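Peer 1: Next come the chains, spelled out residue by residue.
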Amino acid sequence: MTPSSSPTAEGVLPGHDDAGGHDGHHHHPNYLVDGTTVKSWLLTIDHKRIGLMFLASVLFFFLIGGVFALAVRVELLTPGPTVMDAMTYNRAFTLHGLIMIFLFMIPAIPAAFGNFMLPLMLGAKDVAFPRLNLASFYIYVTGALLMIWGMLNGGLDTGWTFYTPYSTHTTTTVAPVLFGAFVIGFSSIATGLNFIVTVHTMRAPGITWFKLPLFVWAIYATSCIQVLATPVIGLLTLLVVGENLFSFGLFDPARGGDPVLFQHLFWFYSHPAVYIMVLPAFGVMSEVVAAFSRKNIFGYRAVAYSSLGIAFVGFFAWGHHMFVSGQSTFDAGIFGVLTMLVGVFTAIKVFNWVGTVYKGAVDFRTPFAYFCGFLFFTVFGGMTGIAVGTVSLDMPWHDTYFVVAHFHFIMVGATLMAFLAAFHYWFPKMFGRMYHEGWGLVSAALIILGFNATFIPQFLLGNYGMPRRYYEYPARFQALNVASTAGATLLAFGFVIVAIYLTYALFYGRASGKNPWRSKGYEWLSESPPPTHNFVGPQPTFPEEPHYYVAPKKDEVKDV
Amino acid sequence: MSSAPAAHGAAPAPKFAEHFASLEVQNHAARLGMWLFLSTEILLFAGLFVCYSCYRFLYPEAFAEASRHLNLTLGTVNTVVLITSSLTAALAVHYAKEGKNNLVALMVGLTLLMAVGFLVIKGFEYSHKFHEGTLPGKHYTYQGLQLPGAPMYFTIYFLSTGLHALHVTIGMGVLTWMGVRALTQKNFGPNNYTGVELASMYWHLVDLVWIFLFPMLYLV
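Residue numbers (UniProt numbering), protein chains in the order written: chain A, 1 to 560; chain B, 1 to 220.
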């Protein structure tokens with residue numbers, strides 16, 4: 001770090017110049033300090049820096065989306081108008097949904113942690129197309145700016161699903177927001193394509209397909225969905241923009257168009273999009289559960305294949321969003337059964353995670369705490385998914401708060417737990433510093449509690465018949481709405497604590513060393529933080545399986 | 001991106017990015033990436049094919065009748081022109097493999113010429129439709145065909161051929177880039193033809209999409 005002082009030190013302390021073993025650091029600066037100008041960051045083609053830029057962006061959008069979530073919850077504190085008018089409320093929940101889905105949850109784990117970890121886990125120097133990777137980031141930023149520009153100049157009141165024919169007639173700014181979504185789609189496709197090619201062509205010697213870390217399997221399956229589904233919504237957003245600007249009539253019943261066709265095309269992407277959000281989460285959890293149980297993952301191949309299975313059947317389940325659209329009973333039944341197949345594949349994973357913890361030497365740290373929350377949200381959210389996938393049950397629950405609670409549990413609950421687990425688990429890897437474990441556990445408890453307190457009342461609200469997206473509601477729903485808002489406040493408080501201690505750790509956290517968890521994951525074979533080209537010296541070889549843990553005695557892990 | 005300095009000698013040295021294990025792997029990655037990208041393009045058009053199928057099912061007579069209002073002669077000529085341009089694009093790859101850079105440039109030039117021809121013919125078709133008012137949605141003013149669903153046919157006609165024409169234009173840009181490289185750098189050869197190959201693959205996709213659009217819109 002201080003080359004100018006080295007000659008002096010040699011002069012003063014002869015014989016000590018080779019001690020310490022810091023040579024590697026001198027000749028191979030880590031990626032964080034290898035170039036410190038703004039330009040060296042903005043024009044970097046290093047997958048780790050691009051991953052961090054994505055991380056900073058998604059965190060920023062998570063903050064905005066979260067603020068609007070709170071605004072919506074505050075408005076719903078009382079049955080009538082509370083803090084805003086109805087139109088503002090419509091715009092607020094649309095903004096919340098759009099930002100959280102397109103700008104936070106879809107890119108969060110793949111684009112931020114996937115970008116950072118995937119090449120490391122493959123023993124590669126970078127992704128296959130580094131410049132495409134950087135382009136993907138700027139495409140994402142461009143799309144985000146377009147969306148936000150539209151939302152500031154008139155806003156959008158359609159909800160994030162922008163159903164036709166309303167979205168083709170509303171006077172709010174459909175065109176820039178949807179065009180922004182179209183642009184972001186390109187970013188998603190570029191990242192997915194890059195990852196697929198990277199996994200195929202850049203595995204280090206020794207890493208066969210069945211030695212891939214499970215996070216890589218999950219990202220691979222996610223990328224397949226991204227590449228195959230995103231073009232369809234890309235086309236659809238263009239069509240709706242065209243409808244809105246030029247009155248093509250494609251989805252407008254007044255001109256002979258069919259709004260149900262819009263729904264088919266929309267959910268053909270947007271249902272698999274749920275798995276774009278949640279499959280990477282499953283991948284993170286497979287890594288975390290093995291690392292903190294100190295035990296090889298139970299049923300590696302089953303976990304790997306089930307990711308592909310979810311990706312596959314996820315494409316045939318979209319019709320369960322349309323049970324009340326006039327679909328035939330036969331179609332609805334088929335879509336119901338196909339939907340439940342997703343539950344089968346998810347259950348395979350859940351049983352394997354539980355099997356991994358069983359008789360493991362559990363090291364209960366923050367990432368593991370998030371794993372526990374994750375397990376609950378996934379099972380509960382998944383079970384309610386089976387429930388709403390049943391036609392007869394979905395009929396009364398459709399478009400009520402039950403559905404809102406269900407998809408928040410599975411999409412947000414699972415993804416958020418995994419995002420936080422990944423953030424804590426890989427924090428030392430990315431920055432070479434440790435966060436405060438005590439605060440980590442406290443905030444994890446707050447967040448898990450707050451999340452439950454927010455959404456369990458919403459299950460009840462939906463069951464009592466409160467429709468989603470409504471500005472006013474009968475007074476008898478108030479108690480549960482107040483409970484939900486209180487839960488959301490607790491949740492927000494938890495995030496504030498995380499933001500504070502992680503920011504502190506970023507600058508003042510103690511040095512973590514190379515592998516503070518003694519993890520067997522391939523990414524930990526590199527330095528923490530890694531050097532610019534990931535591995536110093538000759539290309540590493542990977543003779544062991546990625547989750548090859550031999551459970552040590554309890555006292556061996558205590559001092560970590 | 002860092003690349004190895006060009007070797008001196010007969011065989012032209014391609015750009016090699018050091019994060020790949022070998023040049024072979026790098027070319028394989030490029031080809032795989034292109035195939036994946038082309039699959040996304042197919043899916044993009046697939047959405048329009050779905051729209052076509054649905055509305056054809058809803059308005060069978062209007063769609064059958066409206067397709068008679070397209071100029072079959074111009075459509076057929078355009079199909080022949082585009083298929084022929086695919087041949088010259090493939091020949092460009094052939095000559096790139098043999099290192100005959102001038103012939104690569106010639107083949108690319110012929111392809112571009114046919115692409116321009118295609119767009120000009122398409123422009124004549126479009127201007128005729130603008131003139132008689134066979135236009136999408138609320139802009140449909142044509143009096144000669146008043147079946148419900150006819151404006152929908154022209155919505156899909158303009159969307160799909162318009163999106164295709166956009167792809168033709170992008171393809172022309174990519175091919176021009178390769179043609180200029182062949183003329184100025186003259187470094188295509190047995191080890192370095194991936195660029196031309198990828199551009200040509202993209203051009204074949206443009207051609208392939210048209211081969212589906214032509215019978216869908218003009219014939220059935």
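Worth double-checking, as some hints may not be accurate.
[Said to hold, decoys possible] Some chain A residues judged to face chain B by a derived CB distance under 7 Å, without partners named:
1. V197
2. T201
3. P231
4. V232
5. L235
6. L245
7. G249
8. A254
9. R255
10. V362
11. D363
12. L375
13. R518
[As the list claims (entries may be wrong)] So the derived label-pair ranges between C-beta atoms look like this:
14. A:G537 - B:G173: 54 to 64 Å
15. A:P396 - B:T73: 54 to 64 Å
16. B:V25 - A:R510: 36 to 46 Å
17. A:D331 - B:L74: 56 to 66 Å
18. B:G144 - A:G333: 38 to 48 Å
19. B:V220 - A:M383: 24 to 34 Å
20. B:T176 - A:A499: 42 to 52 Å
21. B:L119 - A:A347: 52 to 62 Å
[Unchecked claim] Computed footprint of chain B on chain A; a stretch qualifies when at least three of its residues, placed anywhere within it, have a C-beta under 8 Å from a C-beta of chain B:
22. 119-131
23. 256-266
Derived by calculation from the structure, the hints in this document are not laboratory data. A quick note: this is a predicted structure, and the numbers were derived from the prediction, not measured. Glycine included, every Cβ here is placed at the ideal spot set by N, Cα and C.
Peer 1: Indicate, hint by hint, whether the structure satisfies it.
Peer 2: Status of the hints after comparison with the structure:
no.: 1; hint: V197; verdict: holds, 5 Å
no.: 2; hint: T201; verdict: holds, 4 Å
no.: 3; hint: P231; verdict: holds, 4 Å
no.: 4; hint: V232; verdict: holds, 5 Å
no.: 5; hint: L235; verdict: holds, 4 Å
no.: 6; hint: L245; verdict: violated, 11 Å
no.: 7; hint: G249; verdict: holds, 4 Å
no.: 8; hint: A254; verdict: violated, 10 Å
no.: 9; hint: R255; verdict: holds, 6 Å
no.: 10; hint: V362; verdict: violated, 38 Å
no.: 11; hint: D363; verdict: violated, 35 Å
no.: 12; hint: L375; verdict: violated, 34 Å
no.: 13; hint: R518; verdict: violated, 29 Å
no.: 14; hint: A:G537 - B:G173: 54 to 64 Å; verdict: violated, 43 Å
no.: 15; hint: A:P396 - B:T73: 54 to 64 Å; verdict: holds, 59 Å
no.: 16; hint: B:V25 - A:R510: 36 to 46 Å; verdict: holds, 41 Å
no.: 17; hint: A:D331 - B:L74: 56 to 66 Å; verdict: violated, 41 Å
no.: 18; hint: B:G144 - A:G333: 38 to 48 Å; verdict: holds, 46 Å
no.: 19; hint: B:V220 - A:M383: 24 to 34 Å; verdict: violated, 48 Å
no.: 20; hint: B:T176 - A:A499: 42 to 52 Å; verdict: holds, 50 Å
no.: 21; hint: B:L119 - A:A347: 52 to 62 Å; verdict: holds, 54 Å
no.: 22; hint: 119-131; verdict: holds (count 7)
no.: 23; hint: 256-266; verdict: holds (count 6)
Hints 6, 8, 10, 11, 12, 13, 14, 17, 19, counting from the list given before, are not met by this structure.
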